[in-house]
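Chemist: This is what each chain is made of:
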Amino acid sequence: MTLTQQIITIGLCVLGTMATRFLPFLVFSDKKPTPKFILYLGKALPSAIFGMLVIYCLKNVTITGGSHGLPELIAISVTVGLHLWRRQMLLSIAGGTVCYMLLLQLGFSGL
Amino acid sequence: MRRKAFQAAFPHTIPIFAGFWFLGLAYGIYMNVSGFSFWYPMVMSLIIFGGSLEFVAVSMLLAPFAPAQTLAMTLIIQARHIFYGISMLDRFRGLDWKKYYLIFGMCDETFSINYTARIPEDVDKGWFMLFVTLLNHFYWFSGATIGGLVGSLLHFDTSGLDFVMTAMFVVIFLEQWLKEKKHYTAIIGLAGALLCRLAFGPDDFMIPTMVCILAGLTLFRKPIERAGGLV
Numbered sequence: 001m002t003l004t005q006q007i008i009t010i011g012l013c014v015l016g017t018m019a020t021r022f023l024p025f026l027v028f029s030d031k032k033p034t035p036k037f038i039l040y041l042g043k044a045l046p047s048a049i050f051g052m053l054v055i056y057c058l059k060n061v062t063i064t065g066g067s068h069g070l071p072e073l074i075a076i077s078v079t080v081g082l083h084l085w086r087r088q089m090l091l092s093i094a095g096g097t098v099c100y101m102l103l104l105q106l107g108f109s110g111l
Numbered sequence: 001m002r003r004k005a006f007q008a009a010f011p012h013t014i015p016i017f018a019g020f021w022f023l024g025l026a027y028g029i030y031m032n033v034s035g036f037s038f039w040y041p042m043v044m045s046l047i048i049f050g051g052s053l054e055f056v057a058v059s060m061l062l063a064p065f066a067p068a069q070t071l072a073m074t075l076i077i078q079a080r081h082i083f084y085g086i087s088m089l090d091r092f093r094g095l096d097w098k099k100y101y102l103i104f105g106m107c108d109e110t111f112s113i114n115y116t117a118r119i120p121e122d123v124d125k126g127w128f129m130l131f132v133t134l135l136n137h138f139y140w141f142s143g144a145t146i147g148g149l150v151g152s153l154l155h156f157d158t159s160g161l162d163f164v165m166t167a168m169f170v171v172i173f174l175e176q177w178l179k180e181k182k183h184y185t186a187i188i189g190l191a192g193a194l195l196c197r198l199a200f201g202p203d204d205f206m207i208p209t210m211v212c213i214l215a216g217l218t219l220f221r222k223p224i225e226r227a228g229g230l231v
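Here the protein sequences line up with chains A and B, keeping their order.
When we follow this note's numbering, the leftmost residue of the first sequence carries the number 1, and every step to the right adds one.
When we follow this note's numbering, the leftmost residue of the second sequence carries the number 1, and every step to the right adds one.
Hint data in this document are derived by calculation from the structure and do not stem from the laboratory.
Derived DSBU-like pairs: lysine-lysine, alpha-carbon spacing no greater than 30 Å straight-line:
#1 A:Lys36 <-> B:Lys125
#2 B:Lys182 <-> A:Lys59
#3 A:Lys36 <-> B:Lys179
#4 A:Lys32 <-> B:Lys222
#5 A:Lys36 <-> B:Lys222
#6 A:Lys31 <-> B:Lys99
#7 B:Lys125 <-> B:Lys182
Here the structure is a predicted model, which means the values were calculated and not measured.
This is chain B alone, in the form it adopts within the complex (with noise of 0.2 Å):
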């Protein structure tokens, strides 16, 4: 059962493993010049498991201390999470010990395979899950480890490389939209984002784009339901 699980779980996370090598020895390698040892960049790709709140991390940890203002950062970096939670509450019901690894692991790629992969009827959704997470955690991990120990040795041209995420969730985006019968939430998430990053900038509208969802959702509930087809 795990091993047929795994067979099913291993090609949907191959893009991630691209991405997140890329991503991760950059961010062993930004750990590695700004003076810290590969310890930093392993341990924490391991217990905090999101890209852009480890960058962040760094220039928290060269700043003077300050423990209220991480937290509240970490809080604004990470706060999209709670969709992920409120959407995969139904999925994750009834899973056992594997559930409390799935929500710790639930970074935005794991999420977004975990959500959309169709997984086949023979194969346990828990332990296919539960590999995906797996899988996505250990390239992360093994990524920021080999980039912290031997960052500043590697020299190939790799610039235009971290596409590869974004072009993962343009193909989930897109699989999405050809699924459903209408696109009123996808055109809400996709308009609100763009039209928050054009008014608060590149830093600050993630929180703006969160609130502007909600509201969106909630005041077109009537006509999105009626619509149906939500997948």
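For reference, chain A alone in the conformation it holds in the complex (with noise of 0.2 Å):
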């Protein structure tokens, strides 16, 4: 590939991210009022994209090989405990990552 060819390779991938990110935005504009639908999705909308984020971040995860997916469901119950009893978000979210660092550098190298 050219350096040209790099830069197009490149300003296409900016330009469709810029897309998605402001497509919404050209969509609907400030001066007309939004659909009631989009609105309702609007509002919606981030329960279930915080979900697919979820399982969007473990998606490598098998469970029929490797290690089962065990670390990280030991993990994330970890995660969700320490969140449960101190609601501390760095809290929780350090102590899941420490857990995990633990499992995987100590008890599941081998697998």
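Could you use the hints to bring the two separately framed chains together as a complex?
Modeler: Quick look at the structure:
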């Protein structure tokens, strides 16, 4: 690939990304009232999105092979447990991550 | 006003700092060992600012030139951002020039923080969201650049550190769950994504997931609205 072709490739990545980020704002401008259905989606989507993003982070976990998703399951339980107990976002995230790293580097390294 | 917003925003970005530095370093190293100079991760992290796409872009740059395929791939990988825009239509309304940067920098993590953070009454919302976006952008940019520069010299065991992003989304999901009265939409998102992941595999399940979510929310609009408590 020549330098020009590389610049075009990177430019297209930027263009595609910005298209998806700006699209809703271009279609539904401040000047016209937003359709009721879109307002409903705006409110109903986020919870669904966060569920989707959790799965997205875990997309490469395989239940049938490797460590069977056990380190992930344990670390998520620790994260949720810590969060329900203290409700301190940073503590829950740090605790879950340290737990996962320990599991991976010590316990499950052989798998 | 700006200082206060910065002080309120910074703590929310600490987990992202850890995650983005780790992933950014990994991305810079990956570009480095793929034979690209540090200019590539530096510029790409600055102007694309979308982690998963940037990893894929490395293989696009190594493959023969295919502009149409590049654009199509980009749109497929990034399509979920359309949902973030729809959710933020109302909150970005009336913001001045900041709005354009907020939309430009709305990656998964930035959207999640800006949507869920409880911004104190006396803190300017526009500046708060601007600093969250700017800090995250800076973490990713600096991580990728450093990775590209000195990546191959680093030797310490960080395996598993990427879980910080998973843990963050789990906590954000949980916070949202605890806030709402009914969990219809959370369940639609979680179950839809899980079923699509099982049916379509790890690389092709996001578009089907988005279709499932839209279909679910459209189909169950009445009960969801009747239940109320959408936050």
